[in-house]
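*Asks:* Below, each chain spelled out in residue letters.
Number of protein chains: 4
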Amino acid sequence: MTKAVLNIGLVGSGFMGRCHANAFRSVGGLFDLPFNIHLHTLADVDDETASLQAQKLGFAHSTGSWETLVDNPEIDVVAITAPNALHEAITLAAIQAGKHVYCEKPLSTTCDSAKRMTEAAEQAGTTTLVGFNFLRNPLIHYAKSLIESGDVGEVISFRGRHAEDYMGNPESPHSFRTDPDGGGALADIGSHIVSMARFLVGPITNVNAVTETVHKERPVKPGSSERRPVLVDDVAHALLEFGNGATGSIDVSWMMTGRTMDLSFEITGTQGAIQFSQERMNELLVWTRQGGDGNGGFRKIETGPAHPPYGNFCPAPGHHLGFNDLKVIEVAELMECIEQGKPHYTGFREGYEVQCTIDAMLLLPNKTNG
Amino acid sequence: MTKAVLNIGLVGSGFMGRCHANAFRSVGGLFDLPFNIHLHTLADVDDETASLQAQKLGFAHSTGSWETLVDNPEIDVVAITAPNALHEAITLAAIQAGKHVYCEKPLSTTCDSAKRMTEAAEQAGTTTLVGFNFLRNPLIHYAKSLIESGDVGEVISFRGRHAEDYMGNPESPHSFRTDPDGGGALADIGSHIVSMARFLVGPITNVNAVTETVHKERPVKPGSSERRPVLVDDVAHALLEFGNGATGSIDVSWMMTGRTMDLSFEITGTQGAIQFSQERMNELLVWTRQGGDGNGGFRKIETGPAHPPYGNFCPAPGHHLGFNDLKVIEVAELMECIEQGKPHYTGFREGYEVQCTIDAMLLLPNKTNG
Amino acid sequence: MTKAVLNIGLVGSGFMGRCHANAFRSVGGLFDLPFNIHLHTLADVDDETASLQAQKLGFAHSTGSWETLVDNPEIDVVAITAPNALHEAITLAAIQAGKHVYCEKPLSTTCDSAKRMTEAAEQAGTTTLVGFNFLRNPLIHYAKSLIESGDVGEVISFRGRHAEDYMGNPESPHSFRTDPDGGGALADIGSHIVSMARFLVGPITNVNAVTETVHKERPVKPGSSERRPVLVDDVAHALLEFGNGATGSIDVSWMMTGRTMDLSFEITGTQGAIQFSQERMNELLVWTRQGGDGNGGFRKIETGPAHPPYGNFCPAPGHHLGFNDLKVIEVAELMECIEQGKPHYTGFREGYEVQCTIDAMLLLPNKTNG
Amino acid sequence: MTKAVLNIGLVGSGFMGRCHANAFRSVGGLFDLPFNIHLHTLADVDDETASLQAQKLGFAHSTGSWETLVDNPEIDVVAITAPNALHEAITLAAIQAGKHVYCEKPLSTTCDSAKRMTEAAEQAGTTTLVGFNFLRNPLIHYAKSLIESGDVGEVISFRGRHAEDYMGNPESPHSFRTDPDGGGALADIGSHIVSMARFLVGPITNVNAVTETVHKERPVKPGSSERRPVLVDDVAHALLEFGNGATGSIDVSWMMTGRTMDLSFEITGTQGAIQFSQERMNELLVWTRQGGDGNGGFRKIETGPAHPPYGNFCPAPGHHLGFNDLKVIEVAELMECIEQGKPHYTGFREGYEVQCTIDAMLLLPNKTNG
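Protein sequence lines, in the order shown, are assigned to chains A, B, C and D.
Position one of the first sequence corresponds to residue 0 (numbering that gives the first Met the number 0), numbered consecutively onward.
Position one of the second sequence corresponds to residue 0 (numbering that gives the first Met the number 0), numbered consecutively onward.
Position one of the third sequence corresponds to residue 0 (numbering that gives the first Met the number 0), numbered consecutively onward.
Position one of the fourth sequence corresponds to residue 0 (numbering that gives the first Met the number 0), numbered consecutively onward.
Treat the hints as calculated values from the structure; they're not laboratory data.
For clarity, every value in this text was computed on a predicted model and none was experimentally measured.
Heads up, a few of these hints could be off.
Any copy will do: because identical chains look the same in the list, a pair fits if it lies in one copy or spans two.
Unchecked claim - Result set (EDC-like, lysine to aspartate or glutamate): computed pairs, CA atoms no more than 16 Å apart in a straight line:
#: 1; residue 1: K114; residue 2: E66
#: 2; residue 1: K55; residue 2: E338
#: 3; residue 1: K55; residue 2: D31
#: 4; residue 1: K215; residue 2: E170
#: 5; residue 1: K114; residue 2: E352
#: 6; residue 1: K143; residue 2: E282
#: 7; residue 1: K215; residue 2: E153
#: 8; residue 1: K215; residue 2: E121
#: 9; residue 1: K114; residue 2: D150
#: 10; residue 1: K114; residue 2: D358
Using the sequences and the hints given, assemble the complete structure.
*Replies:* Structure, rendered in structure tokens:
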């Protein structure tokens, strides 16, 4: 029996676009998918770029217009890795054209925009997925299972952070990242740790935050001597209250010297605790009451076949997953949701709720950067 | 030439009392002190206990009354390890009697009380020291020197915590720790991380906090079936703003499952970063711009003779210091301040300021435990 | 301009076969290859298996006979993931048919067999590659560059190990792994750490070893109550002398409880040292004289774009590579060698030399298992 | 009731002499000893040095002659921290004078000399102790209890090392450490890891080793331009066979760049494994079969009151022990053995057996330094 073919239209071929393309190419050999995936069309900023990248990434067709891609009735899934400001327009058009939409995070630039996208998708009944890659890690799902099974007791504290250093250089110029509409460290990477907190602990009911703008101005463009003030946050520390009574804090910064991807957390429950850092994404540290006095300790659990879908990548433990593998898992999950018509746990509604939490942190009056 | 003898009067022989006694006994063989230390008198709850403990700990005399000890004109230094509620009374009497005062943290149970003690001591011109042990670590001073020399640039973020688990058991009964006047996790151990933040980054100008009471009631005494409500915090997360513009967060809890002494921090500057945890008190992780692309990383610095006064304990690196050694350093510092008549960096004024920061966190309206 | 197509014939679809297939599928979107890769034919134990797996893994054709695959003139590269005992026969046939040969490690079951394969390949001038995956790690090449540049001085000591635990259960039955001809822990996984030592430090001129057979008998097949003696090593410890005067030791075992892939080493030179473990394959610990007294320490270098070809997988640091990515790099290197007609650094000759070192360790008289 | 007084005579006031003095001073306040310890006499190289050091370290008397000390009938215990070459003479005289002898490691410079000392002590029935400090660590005893209880199954492999870097500088001059009679890295520090292996796994029945002399000549004395050849080992790698069938390896060097005290081991049994490094002396990593598939991992056990005699130093976990504390434990153990007239587990016989193992490694023909 031949599987149905699912045609993919990808918008954008930058860092994330390539990452999507790689996942779409690889997933079929690793997962037993309900569809055969066909890399149908790549859309990019102009025809020439699109054509070149399509050849490199293995797409059959290309176009310089995302509208053309979205309008093509052959395409089943629209994957969006275009700049954040375009997410809403592409998404709404794709939904109207009856496509499933796979959108990179953040879902949009504001809570309101994200809401419009979410409501349109839910009304249309299309399958949606926001690319919170880090939640695809098998160990994160294992952590969730430990919490749900009660192994760590009642969760009382969440301490998280997302720390990178890619904006530490004051000569790093303005870009969409520093755009007052939708920019800043909290918006750019804070969404990762907020989505992690929500996934593992649950809804966040109250927040408070202090933010800081370290480099008060940046070049208007790369190498320029003209400078413009920076109006977004570089560093943020926030307090969290969860619906289940737990409290917590998160720390977010894109100028955490020495840190390239410390998306990390420690979750403490009344009976146990769980630590994780994306810096060592194949390890989970777990403490539970066991073994009696003097014999306990955080144990370092390594990813392995006992943590699905690790086994799709390798039948033996000890062979680590990498970042790109997380995207492959994401695509496999998307396929399953499309086939079964069920919502994904980070569908648009989740992306919207994350965005509103971030917005709430930014709207607080106690920002130090006025 | 014979050194002058300094007579020590110690109040209390519990955990901290024994720790003080051990330090007073050991310090002379390790440091070239300006005085010969004499363990003169131990005061404890009654004559019998005092006599027994004095013999064990090597004190020449003993008394069941701290007033007797304080009134003895032979005694030069009064060391206080009595319950927090007694700190003020003993201190004020000792100051009036012209003694130097060495008091365990927290300085007192309220900001106001600490203020009275501080002002009395400053008026009398006596030497005071509050026992913030963890600041005696040679690596903490090394961290401070790295910050002061500008090696990490301008400090932009402080992320700290003090996590233990000694109150995690709901059967742990009420004690002075859960007394609404001066109790709670923030007051008991939060002072450690606040004093660390102040020592390394500077004055804290603004705070915000969320606190939580996990076990809503506890036995009135060990083994009792009678329970009384708990009115103090078990878990606290707080935001910090420093005078120099840096921001930060601290997390404090005495029910952090799996953690016995995670007094830890990461300080991030524009040019580097420093990590420390008391769990590995002989290691400091430091990142600075060096070595070029792809060659940098946090380096693990081990305590050694290059970090004074490590060399007083051992002439070679690789031989770790322990907790009790920190108290020995503290006593050596006290001796030097007494001889030179100079204030200690954690004299009473510092103890008072730490207490006021803690009080401010607790007075905030957004406590979840009403 | 259209690239030439390179037709791949893969023998075997087990763990390594799937790994090869995945690499062949993915590599084109990640590397700018000189060829377009076509997954031409999969050969497996019978026609049915081959057909099923070919569909799963994306091969155009399939066959139950490796001879058919090797004889097909359309095929350019024969990739061998068949049992070790078949490596020589398939390889010699493939070479005779003018193919390039990409063979999984170990190259063969004996030093003599490996020699015949190597000489045949060299005479034919074909490109060969033995799948020592772990040497493809960008950080291993970075370690080599540090050694070659003299940054760690003259290498004086190598301490390595390969520890897994997959044969720890005494009920794990006999298989090709326990076959007296070519089996044992040293032969199965010792080759990884020997190839690592040779790659980083250089030729090994003298060895000595002690080996141990822990489980003296095993079931003849899964679940069987019939048992047969085990004649191969479970645990081995060996001494090494290198041509450059350095000495070292390696420890190899497939029953190292708690270890799933500790392929690790510490290389010490007169001016610095390097540590690595496959358990944290994205980290390299490096110590060099720097920063003066009390300021040095092993620094944790994370993989990033400064360590090619990491940048082919991701343009930013902090995004880890996984095991399967190493195979993609291996295939990219194979493509380059084929195009340029240059030998690979782990071509057949290297596979042969590694095997002879292993054989020498096993031939020593001081085996404890008689 | 007053305790008997035990008079201590200490020979030497260098690094180890000070360490002994500190332990004798402190131990009484921390342990409930059967004796009151009196620091009676310090002997040193001359009267003046002895007098000065006695005052510093708190000894009542001093002498420039160890013979005088040994002959003093008031003295009960002779503690020897003099150069290794003097150990035998002082010991034999002390035994003849009826003293208990507490001798720093190595027991002597040769296996034969150590044998004479051991036999003399056993004949006299005196209490002896060799200062293998690192075995006093509560976690090492905890590791032994895990092995003895069968928690890790049958021990099958020991992998150990002692790595420091204090002789890495080629300008470090000749000293007793490089004396062909009793010098070299194996003799100086190898004894630590050999004693550890024997304590935890049992008698060693067979050894093999390769050694290396990296710096072929050194200055005859500090700062001298005259150089003399070095005839002892800088680096050694050795194979071990234990009486119980386990095998292993140790690596020893005093020029392991970047390492100040990596006395470390991994012990693997059929059911579990234990890791330790003196670099993190308050942590033990333990793996045992538990918790089922995907839930296991090495757990980090921290020292605490459950590991006696930690509780003598601190009643709560989380307060680390330091190197000097190990010496305090050693002295407490000595006191108990003296009172009860029972042999210590590292009495002279153990010191002698360790020395013979080291000698056997050095006598092997395959030394690279001819």
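*Asks:* A separate judgement is required for each hint: does it hold in the structure or not?
*Replies:* For each hint, the structure was consulted:
For a Cα distance limit of 16 Å, the shortest separation of K114 from E66 qualifies neither inside one copy, at 22 Å, nor across copies, at 61 Å. With identical chains, the CA atoms of K55 and E338 are never at most 16 Å apart, being 29 Å at best within one copy and 19 Å at best between copies. In the homo-oligomer, the alpha carbons of K55 and D31 lie at most 16 Å apart only across protomers (8 Å), although the nearest pairing inside one protomer, at 25 Å, exceeds that limit. With identical chains, the CA atoms of K215 and E170 are at most 16 Å apart within one copy only, with a shortest distance of 11 Å there and 52 Å across copies.
Taking the closest pair of Cα atoms, K114 and E352 come within 16 Å of each other only inside a single copy of the chain (9 Å); across copies the shortest separation is 47 Å, beyond that limit. For the identical chains of this complex, K143 and E282 are intra-copy neighbours only, at 14 Å inside a copy versus 27 Å across copies, given an alpha-carbon limit of 16 Å. For the homomeric pair K215 and E153, the shortest alpha-carbon distance between copies (14 Å) is at most 16 Å, but the shortest distance inside one copy (43 Å) is not. In this assembly of identical chains, the alpha carbons of K215 and E121 never lie at most 16 Å apart, being 41 Å within a copy and 42 Å across copies at closest.
Taking identical chains as interchangeable, the C-alpha atoms of K114 and D150 are never at most 16 Å apart, the minima being 36 Å within one chain and 46 Å between chains. Taking the shortest Cα distances, K114 and D358 sit within 16 Å of each other inside one copy (13 Å), while across copies they are farther apart (41 Å).
Violation of the numbered hints given earlier is confined to hints 1, 2, 8 and 9; the remaining hints are satisfied by the structure.
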